[in-house]
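Sequences and hints are given; from them, build the entire structure.
Residue numbers (my numbering), protein chains in the order written: chain A, 1 to 310; chain B, 1 to 243.
Just so you know, these hints were derived from the structure itself, not from any lab. Model, not experiment: these values are computed from the prediction. Keep in mind that a hint or two might mislead.
[Said to hold, decoys possible] Quick partial rundown of chain B residues pointing at chain A, CB under 8 Å, derived from the structure:
#1 Asp31
#2 Asn33
#3 Leu207
#4 Asp208
[Claimed, not checked] Chain B residues, not near chain A, derived (Cβ > 10 Å throughout):
#5 Ala50
#6 Arg84
#7 Glu167
Even for Gly, the Cβ is constructed at its ideal location relative to N, Cα and C.
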Amino acid sequence: RQQSSDFCHTTFHKIMSSKKSTGKRKEEALKIVESSSEEDDSSEDDLGQDQIDPGDEIIEVEFEAFGPQEADFHAIKTLLKSYLEETQYNSSELADLVVSEGSEHTVGSVIKADGNEQAFGFISAINLHKHKDKECIRQVRQYVLSHLAAKPEAREKLEALFDTDAGLTLLLNERLVNVPVDVAPPLHRALHQELQEAVKREGGRSTHRASHYLLLTSTFKGILEAKKSKTKKPKQKGEKPDSQLYYFKPEEEIFAKEASLSHTWTVAAAEQANRWTFDGMKSHSRLLLLVPAAKMPSILKQIDTLVSGQ
Amino acid sequence: MAVRVQYSNSSEIGVFSKLTNSYCLLALGGDVNFKVFETELADHIPVVYASVAGTAIVGRLTAGNKNGLLLPNTTTDQELLHIRNSLPDTVKVQRVEERLSALGNVIACNDYVALVHPDLDRETEEIIADVLGVEVFRQTVAGNVLVGSYCAFTNQGGLVHPKTSVEDQDELSSLLQVPLVAGTVNRGSEVIGAGLVVNDWAAFTGLDTTATEISVIESIFKLQDQASSSIITTMRNSLIDTM
Numbered sequence: 001r002q003q004s005s006d007f008c009h010t011t012f013h014k015i016m017s018s019k020k021s022t023g024k025r026k027e028e029a030l031k032i033v034e035s036s037s038e039e040d041d042s043s044e045d046d047l048g049q050d051q052i053d054p055g056d057e058i059i060e061v062e063f064e065a066f067g068p069q070e071a072d073f074h075a076i077k078t079l080l081k082s083y084l085e086e087t088q089y090n091s092s093e094l095a096d097l098v099v100s101e102g103s104e105h106t107v108g109s110v111i112k113a114d115g116n117e118q119a120f121g122f123i124s125a126i127n128l129h130k131h132k133d134k135e136c137i138r139q140v141r142q143y144v145l146s147h148l149a150a151k152p153e154a155r156e157k158l159e160a161l162f163d164t165d166a167g168l169t170l171l172l173n174e175r176l177v178n179v180p181v182d183v184a185p186p187l188h189r190a191l192h193q194e195l196q197e198a199v200k201r202e203g204g205r206s207t208h209r210a211s212h213y214l215l216l217t218s219t220f221k222g223i224l225e226a227k228k229s230k231t232k233k234p235k236q237k238g239e240k241p242d243s244q245l246y247y248f249k250p251e252e253e254i255f256a257k258e259a260s261l262s263h264t265w266t267v268a269a270a271e272q273a274n275r276w277t278f279d280g281m282k283s284h285s286r287l288l289l290l291v292p293a294a295k296m297p298s299i300l301k302q303i304d305t306l307v308s309g310q
Numbered sequence: 001m002a003v004r005v006q007y008s009n010s011s012e013i014g015v016f017s018k019l020t021n022s023y024c025l026l027a028l029g030g031d032v033n034f035k036v037f038e039t040e041l042a043d044h045i046p047v048v049y050a051s052v053a054g055t056a057i058v059g060r061l062t063a064g065n066k067n068g069l070l071l072p073n074t075t076t077d078q079e080l081l082h083i084r085n086s087l088p089d090t091v092k093v094q095r096v097e098e099r100l101s102a103l104g105n106v107i108a109c110n111d112y113v114a115l116v117h118p119d120l121d122r123e124t125e126e127i128i129a130d131v132l133g134v135e136v137f138r139q140t141v142a143g144n145v146l147v148g149s150y151c152a153f154t155n156q157g158g159l160v161h162p163k164t165s166v167e168d169q170d171e172l173s174s175l176l177q178v179p180l181v182a183g184t185v186n187r188g189s190e191v192i193g194a195g196l197v198v199n200d201w202a203a204f205t206g207l208d209t210t211a212t213e214i215s216v217i218e219s220i221f222k223l224q225d226q227a228s229s230s231i232i233t234t235m236r237n238s239l240i241d242t243m
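Below you can see the structure in the form of structure tokens.
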């Protein structure tokens, strides 16, 4: 089925710069972990690598957004694999929901690059009340509420939102770690627009009307890279290096700011042992955010600034 | 009987397990879901939990049949010892020095024949013939050199990559002396080796496998009527002897 809606098809370029031989890096949030392994400039030069021009090497990648189709099922499922950390849950069902929201309601997008068939990321919104009887939704509810055990008030509030037709919407925003943050503004804006369109189409009792967005995401604490610290926070060698919190998807920091409820917990140690660790990446944490839908326009504006300001 | 299984939310169970007629190798850390293997198999063959080269991808790194098991050169001595001790003495366990170390991807075999990556070392080919007791053929499946990933076959039948041409299927079928069918597992995935592990009387496939795919698997591997197929297998040896 060919994509028809204009909102779901946006093309944007990202100039990605990567430096070889000199070790300097453009300061992008996502690149922090890579550059921390290049602290020593002299060792870079000694490698005697292909000494091309010591300027930026620019790789041009074209990302395109499409509506989720059945063909994207496997990629979406893979991206949702660790959604509930190590808890086994019906990820196929959740991936199915993303695909059906895309194909039936034109809500949601997948990101593909350079004509590649496999999706590198996706965004979608699932109404939790409409699908409350689905196994995966029950598992998500169980997981979320169990982690809020230490905050009974928050837990009650969230439980009420889950159990009533209050417009609690699960915001699924997953992509590969190294997809640049530039994809974020069009994705989030498109989703917001698609939801408005769906509400207009369905009228009064639309299930796409969101009152709150539930966002489950990951953060990590990293060692501040030497160069970055000179410009922002000067760090001495003796100081604790792990105080900076980073988001795998930088736009989510804005969601965190506007959230009415936020809760974080460290990912279980057993799971961490199995993961690839970047140099300098320490405690990987899960973050739960509840964001009122009314804040979305402001959030979208801030995401735009975040990316254009870089 | 084909059973649907998951490993840690992944349907690619062929990556984390290796099943033969005389043993089953499973990755550690699979949680409750992998116990299905034990319940189905433990009465008949040893089910061994192991890691290879410190990883969980035992299905893709190892190759074996009822006669033996081949491990890559990245296997640690501890792992080798553990596996050797856990498997019956009739199963020869050998570590192989081979550049193409993902043995599960480059070798596909049953108890009589093996298909290997065309670029496999001569030495490795000899070791395969010796340890696994099979005849070795260098082949591609649907133009792909990773024979272990794109096909799975037992002594009863085989499933190959969906894009395998009819001529190729005929050729492979005559080499392997078993019927073949081209198909998919795990809801349209072409990587048969990752989505399916099978022996002469049991098959395990990923959770996403559709009912159609399961029926194809049960039919080609002759898994419905278990009693009669096992008699045929055991009779085969005695029949050939008397000829």
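Checked hints:
1. Asp31: Hint on aspartate 31 (chain B): holds, closest Cβ of chain A at ~6 Å, below 8 Å.
2. Asn33: OK, holds: asparagine 33 (chain B) within 8 Å of chain A, min 6 Å.
3. Leu207: With a closest approach of 7 Å, the leucine 207 (chain B) hint holds.
4. Asp208: Where the cut-off is 8 Å and the nearest Cβ of chain A is about 5 Å from aspartate 208 (chain B), the hint holds.
5. Ala50: 16 Å, holds
6. Arg84: 26 Å, holds
7. Glu167: 27 Å, holds
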